[in-house]
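Undergrad: Residue numbers (full-length UniProt numbering), protein chains in the order written: chain H, 1 to 408; chain E, 1 to 408; chain P, 1 to 408; chain G, 1 to 408.
Simulated from the structure, these hints should not be mistaken for laboratory data.
Careful, some of the hints might be misleading.
Unchecked claim - In silico contact screen, one side only, chain P against chain H (beta carbon under 7 Å); selected entries:
#	residue
1	Ile225
2	Ala282
3	Ser407
If you're wondering where the values come from, they're calculated on a predicted model, not measured in any experiment.
Just so it is clear, CB atoms sit at the ideal spot from N, CA and C, and this is done for glycine as well.
Protein chains: 4
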Amino acid sequence: MALDLEAIYVDLHRHPELSFQETRTAGVIAQRLGELGIEFEEGVGRTGIAAVIRNGTGPVVWLRADMDALPVPEQTGLDYASTARGTDPAGNEVPVMHACGHDMHVTAMLGALERLVATKDEWTGTIVTVFQPAEEYGAGAQAMIADGVLDRFPTPDVVLGQHVTPLPSGTVGVRPGTQMAASDGLTVTLFGRGGHGSRPHSTIDPIVMAAATIMRLQTVVSREIDPRDVAVVTVGSIHAGLKNNIIPAEAKLELSLRYPDETARERVLEKVERVVRAEAAASGAVKQPTIVTDHTLPPTINDVDATARITAAFRREFGEGAVVDPGMFTGSEDVSWFARESGAPLVYWFWGGVDPQKYADAAAAGTIERDIPTNHSPFFAPVLQPTLNRGVENLVVAAREFLADASA
Amino acid sequence: MALDLEAIYVDLHRHPELSFQETRTAGVIAQRLGELGIEFEEGVGRTGIAAVIRNGTGPVVWLRADMDALPVPEQTGLDYASTARGTDPAGNEVPVMHACGHDMHVTAMLGALERLVATKDEWTGTIVTVFQPAEEYGAGAQAMIADGVLDRFPTPDVVLGQHVTPLPSGTVGVRPGTQMAASDGLTVTLFGRGGHGSRPHSTIDPIVMAAATIMRLQTVVSREIDPRDVAVVTVGSIHAGLKNNIIPAEAKLELSLRYPDETARERVLEKVERVVRAEAAASGAVKQPTIVTDHTLPPTINDVDATARITAAFRREFGEGAVVDPGMFTGSEDVSWFARESGAPLVYWFWGGVDPQKYADAAAAGTIERDIPTNHSPFFAPVLQPTLNRGVENLVVAAREFLADASA
Amino acid sequence: MALDLEAIYVDLHRHPELSFQETRTAGVIAQRLGELGIEFEEGVGRTGIAAVIRNGTGPVVWLRADMDALPVPEQTGLDYASTARGTDPAGNEVPVMHACGHDMHVTAMLGALERLVATKDEWTGTIVTVFQPAEEYGAGAQAMIADGVLDRFPTPDVVLGQHVTPLPSGTVGVRPGTQMAASDGLTVTLFGRGGHGSRPHSTIDPIVMAAATIMRLQTVVSREIDPRDVAVVTVGSIHAGLKNNIIPAEAKLELSLRYPDETARERVLEKVERVVRAEAAASGAVKQPTIVTDHTLPPTINDVDATARITAAFRREFGEGAVVDPGMFTGSEDVSWFARESGAPLVYWFWGGVDPQKYADAAAAGTIERDIPTNHSPFFAPVLQPTLNRGVENLVVAAREFLADASA
Amino acid sequence: MALDLEAIYVDLHRHPELSFQETRTAGVIAQRLGELGIEFEEGVGRTGIAAVIRNGTGPVVWLRADMDALPVPEQTGLDYASTARGTDPAGNEVPVMHACGHDMHVTAMLGALERLVATKDEWTGTIVTVFQPAEEYGAGAQAMIADGVLDRFPTPDVVLGQHVTPLPSGTVGVRPGTQMAASDGLTVTLFGRGGHGSRPHSTIDPIVMAAATIMRLQTVVSREIDPRDVAVVTVGSIHAGLKNNIIPAEAKLELSLRYPDETARERVLEKVERVVRAEAAASGAVKQPTIVTDHTLPPTINDVDATARITAAFRREFGEGAVVDPGMFTGSEDVSWFARESGAPLVYWFWGGVDPQKYADAAAAGTIERDIPTNHSPFFAPVLQPTLNRGVENLVVAAREFLADASA
């Protein structure tokens, strides 16, 4: 009685859950693991699950899938589009959507585990699978580690993970070295002085302060970073004020910063702080702004040798043309904590979720950025197949590359 | 058995209610009117109350007090500071505070009615009192009129109202002609294209669009309006985005505009719209921004002759030095609808609520704007006395100026 | 042999001269004064002229006309448009134009002196006339005073002056109290670090620093000054860089600030300095910007009693409707130094130079600001008549109001 | 009698000349070529020189050196610092400096030619040398080609050139493929409406329009270009206004844009134009801004095979460690026109001019961008040696790599 993966995916897509709230998702996973006869623990790192398949002597391969969804109002128009709502950490009710494809990650992982269980006579070794919560807050991997996942389960010889992206379905992208950027999430609070909307001179307007700060932050990337280097300074949210005729007392900005390494990180952080403080001074702010780091993600660095093995395996299995070097992504991940903390090599790859014809047309027209919705977009929607099947195969091929061959 | 006005004020201050939600407040008023034996109707214009004292032949004097509070988190540190919360029109839970002194307006009005009832043998005529809801949304006066208040109650010969402000307690400010500005409240929605915070190039960033718009809106006042004219363009709220690593699809701004008259209104609105549209174009927005007018308030224009009478009466009663010309206020009011719709003259005055010594010290130090909290500030707190007593006396003196003298 | 005033005006208009370079202009004046038999001294305050008509006992009336032109490229299309060029204080060759009407001031003054000389039997007293240089740099009045003009000529009992403006020709505008604003001219130099245009990260870009400063300076007026107060912060020039592919080391801004009085002056200056310093800090500037005051002009305050006399005289002579209260002008003048230093009352008025029909049409269409070129515009061009004749009459009527009547 | 290269360099450094004005420089070159007995033509492409050494059968190698200097005020403090002044294309007198090292290029080329002449028995073939004018305006190579240099001289089999840069002296940097960026130089003129500095509302302020445009242009790079792509949008000069109290009618910006290829070029140009037009619209400009392309430079693309040969030769000659891949430079060059028009392969390399110890110290401190002056900086000053000798050797080694070996 095989898993109906497409049904699982559609169900998960319809029921997305925010970070550290993935209880229904964990329940689905637990049920399926049970059906597959796989040993697992729930509640690892709050809402995470760790599972283990022990199959004789051999390497310990860790496979990781992340589970959480995002506060995005789905606009895909799909039959199975989400209408779910959740409560964000600030207590606000927000729309929720699997706008980053973690539903696909979970489903492909369940399919891969099913396949690996079914072929246990072909390989030996140990497979540890972590269904990780709260990747979107950059907090779930560390939560599982803090909860002892590296101690309570066999230590990894290699850590493997994957992400669905706007490449053509049927394609896999992987590169040695830096695969994804380092990142910090900051909350900046600017303090003005509130008052009546008709009397700006009796206030220190934090909304104008915020606008000037945002415009000035653009110059960090446009003027202060070597044009050949990668850096992103995004203000992803701004909230200030409750009513048109009241000038509020403060404004809150949430920033997402990206860079390839620690040196760049320090430079960008220093410049961002300099701009924030100076713009508060330009407004005559009496109280200094606060800058709080909500999360810090290291760069996702693929081990050179392990990546070479997997790249070769993918090429062998899927054909030369199906495996591309996607370049460094400016997105960030917390998967590398499992590798960093255990000292194991990491390989993290991308696989395509876009209808190949649609992708080719957009490429020909030079409109990929406009026409192909990217992760976190309200329009992000991987085509079901061959995306889902390939997600399963990627994991099986990669895991088998490191597990021992039972026939050897 | 006299009303304990201070207790009423403190009670109202502790229990502020947002616009059109003033049910508890209306209940307090109704109870006191009943105690005073005054005839009244509840639910006029949703949560408003209209009361009438008929006392023989003579002019019909309308007295108006507004009742609603604001979504402001009180920071006065007073014993009786509000900790109330309410639900704003968008459905968000917000802190609520009497940051505009309408609790003082209601209490002073009750005190004045008590006094006028007690002295019915000294005057003849009719007093209609409107306890108006939703002044802060510029909607309550029109709601009462739409509900027939001008038809169901005796037609005014004069409309009188007052507002507590950051003048020294003991002072009253009034001028003929334009006393308060005209105003519009606009909601501007800017449309970008959402996406991943690490991939700005695949999005149209509505937060940068909003920041550029806000900075450019400053030039309407700084460059495009005659420096000798009065105009205010305030962005009182901005909301966009839910998470640092998601670039949202849109940003919402709430604007409060102020001007002395209709000509200026048209000019400022045209310029604001021009800036909003051009900044969307600068971002390459595909979808045009929307600009919705939430409310429109006419200027508050004091009748020249009626104002002269009241000014003289105040001077006679309180002394020459206690009556000042406060200049035009850039704040706005909907009180004038009662006068406009009925054709009656209007007199609307301000009275002081600041400790006179504190005011004098700040004036001497040139720090009034910094040290004296203004209406809508989370620190706004009139000193209880003589503010409250003077609020009562102002109304009694002004009403008696227009009522007939029973001894005559 | 009467002066051909129109020919004199056209000649002066064709030959404008920059501040403290008015040697040809002074030569024309000197020649005409000689023809009129008026005693005068040249070279007073470098290029100024002071003349005196002694005519028996009576008050000493000072009349003042300013002589200098501006670095503006004339675009009026007039037959007698200027094609002159001059050298500005920085040594650059610039176009020169009488874009402020000082040619009209000089010509009208010569016409008035001719008339007053011709009617010496009708009045007694003394007329001192100062043809002042360098009004546009706010330096000429002080230069004449430093050169002893107040000591070397009879002390004024009243100081009179006039300016041609975009009011309808035939109109005169005057008011008691503050007639023109106080002003400061500042030069702000921003220091960055130069380098190759393709390597912004190795520089501190002073042009971006300047742009951010200019945008932020807008908020001084839009947010920090009471909307009911008058203030102007103009950046009138910006110069930085020599070539597209070199990021320069510095940027130079010239600011013109306006306010009604000393209190406002201090506030605006403090805010401007705060913004300039903070924006340099936001850029990470190593070297502090410099802010140099090029000139300071006091407000031009008309004496209440003297203005009442002149207003009455103008009304009598030209009709009620021809005399208006023009409000406070935000332009500034150095004429008041003659009154301040001598303790004499000042009356300074405006007279119209715009075709009345054209003005009425623009007023009806609400396009005055767009269609009627203002002083300092390259399109500024008073209609010759009745402007010139009225300029003469204004001076004669005003002077005669204060001189003694010989028939008395 | 060998050339005294250091003296030649110092002389050229002291006497820099702007683009197409390199007559003294050409005279120095002509004199030295004459002394070396090399055949040459002057006035090729206005002020250029082409020289040819015919030495039997064999490949034709083109060597190119550029000659012009920049409008930069030298601040190196060197004994031989330039105090020269010149006249720029707009007719302004400007300071002139060899801030880009073309004096070093010319001198090294003369040294290389001397060496190649002296060793004519070791090689056969033809060397054509172009001393090119006006590289800084991106116009000189095309001017020489338009003047027939490719027809009048032997057709190249390879084109070689070099540039001194802020690498450690003793180092050479070269890479196959795109070595330098494509570039456009634009002049943007923004049209407002001029007027009096005290009456901004009667004007359309082009300086505020320019500031808003500059701030918005930052978002092209910060938000609209893939963070992994290379793009630069520099505003290298801004000029507007002549006096603090006159709001001018227009503002002129000079932009330098950089990108790796034609696709990126079109994108950036489209975005820049969009921003410029929208910001003019935001100001209510009546007249559309003009955008004029002053020059267009293609990317400098090194031929893969030819670059491999030269890289190997450099490594052999100078040691492995002395040859680095410098990455793509965002600077641009017109040298590639000689290769594009003739179809010959191009190799263009960089060589270091910074004191190695100083460079190492700055690298260790992470202060290279701050402490090592880059090309076009007023502080740019290559250390004389070994820079000059290595410049000579680079050219000799590279030329000999392609010339035939006489001993073969």
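Undergrad: Now tell me if each hint is right for this structure.
TA: Cross-check of the supplied hints:
1. Ile225: 6 Å, holds
2. Ala282: Status holds, d = 4 Å.
3. Ser407: Check failed: Cβ of Ser407(P) comes no nearer than 56 Å to chain H, outside 7 Å.
Of the numbered hints stated above, the single one contradicted by the structure is hint 3.
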